[in-house]
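There are 2 protein chains.
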Amino acid sequence: MEDGDFNINLTIVGLGLIGGSYAKAFKEKNKGHIWGIDIDKNTLKKAAEMDIIDDGYSIENAQIPLKKSDVVIISIYPEVLLNFVRNNLNNFKKGAIITDTLGIKEDNIKYIQNILGDKAEFIGGHPMAGKEVSGFLNASKDIFEDANYILTPTAKNKKETIDFMGEFVKSIGFKSIVEVTPEKHDEIIAFTSQLPHIIAVSLMNLSNCEDIKYFIGGSFRDTTRVAAINSDLWGQLFIRNKKNIIKCIDDFQKNMTEIRNYIEKEDINDIKKFLKEAASKKEEII
Amino acid sequence: MEDGDFNINLTIVGLGLIGGSYAKAFKEKNKGHIWGIDIDKNTLKKAAEMDIIDDGYSIENAQIPLKKSDVVIISIYPEVLLNFVRNNLNNFKKGAIITDTLGIKEDNIKYIQNILGDKAEFIGGHPMAGKEVSGFLNASKDIFEDANYILTPTAKNKKETIDFMGEFVKSIGFKSIVEVTPEKHDEIIAFTSQLPHIIAVSLMNLSNCEDIKYFIGGSFRDTTRVAAINSDLWGQLFIRNKKNIIKCIDDFQKNMTEIRNYIEKEDINDIKKFLKEAASKKEEII
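From first to last, the protein sequence lines are chains S and E. Be aware that the first sequence starts at 17, since it is given in the numbering used here, and climbs by one per residue. Be aware that the second sequence starts at 17, since it is given in the numbering used here, and climbs by one per residue.
To be clear, the hints were calculated from the coordinates, so they are not data collected in a lab. Incorrect hints may appear among the rest.
If chains are identical, the list can't say which one is meant, so a pair holds when it fits in one copy or spans any two.
With a straight-line cut-off of 27 Å between C-alpha atoms, the simulated DSSO-like cross-links for lysine-lysine are [unchecked claim]:
| no. | residue 1 | residue 2 |
| --- | --- | --- |
| 1 | K258 | K289 |
| 2 | K259 | K289 |
| 3 | K47 | K292 |
| 4 | K292 | K258 |
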């Protein structure tokens, strides 16, 4: 076993874009078994044929891999995540670490840690990786390379578990592992992820496709890159993080109105000040 | 001479990111002379050393290359563009084609065609290419590869001139050449270029850099890619296209408010409808 490799029995629940990418990535870095659980039999069959899972199971047979798994990564929609945990409360291996991949944390984690008690340990995880397309067929281990990973431990998590999770995901390419509370996570992610997605769809929906096709440059292309998001998943994320998202939208609109009014008044000095502030913040962050 | 090559005496006024990139690109495709005019002596020296111009001239000596040039590409800020043409009215070669690279057209073109009379022919051109950085040192001939080019002819332009310009810029990599009136150009570009830039700076300015650094994924990075724009140039562009830009900002904010309100009401069906509309428009355009 090479340095940095693991020997863990791992179950991945939901072999979509993120779950499928995890399977591909961990297949190379983890010497233990990797099992997949999915509602789609074809996906399970395909993943087994590609040898990125050892075996695939339906939701109804989840107990078979769960009982043997040291780590369970659940990568499914918010609504089904809670059901899955509730329905499998007695199927997790004693002491197993369970994590998720969702872009919202606070409510889920409270609920899950509560119903799990000491049957298993749940720790929230959010890989800041993705693609503008979804599904297993688009999964790729490369999406994690140099990406950020957010851990959202609570007082119920052990220090060893937090450390383990950081090392585990670093092994597949994540660069920065950062820890915040679930509350803070939801507040920041509303700004750094959900707001840019709302901007993308709002801009896209304003367009008259026929008219603008040949007038597009890099800025429009970039701003709308994520405009074709999975509406089931993101609809749920937006509603579940509504308090933070609405604050972000309102703050953003206030900022936009500021520069709008400078332009209306032809106030070149304030426009330039606004643009320079953006430029210097950009240098600082990215 | 290969098929598609030209043999034209060309002067490029302003060797910044766009002008410098033109010089590099045409040096390979045009067998005639290429001269550069710039206020920065170092840029002229560097461009001559790199052999992408045959000679460089200060603004004061503009008449030397202009008198011999079949084509003049003026790639400088809106305010100085008008001055440059006015100060060189009698320096253009009879029948020369003069074009620009600016993101606003209507007012400039009216003014320039008016004062030029039949001394030379001005035709507006807008290369939909750029980079998030400016200046000659960042110039590259690759930025035009597969990009869109917009021509904004008026009743004062000859058909041969329009055709020539299309062929001339195709030779350096542009893929789609599209023609619209200067008025329509300004209206569409406010939406496809200036609005995304305003979005980028407004989003960037909202951020508290320290807090968000490790919470950034692809969507935030993409939406703010162009946030460090040249404040002198873009400040002028925004003010000169103010009528169209303000309409775009207002329409965009109305759209954003629509999805904001669906989220507030937890109206999952309308959110999903909104997201699906964006996804299908995205498929259609990009």
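- Please write out, lowest number first, the hints stated earlier that are contradicted by the structure. 3
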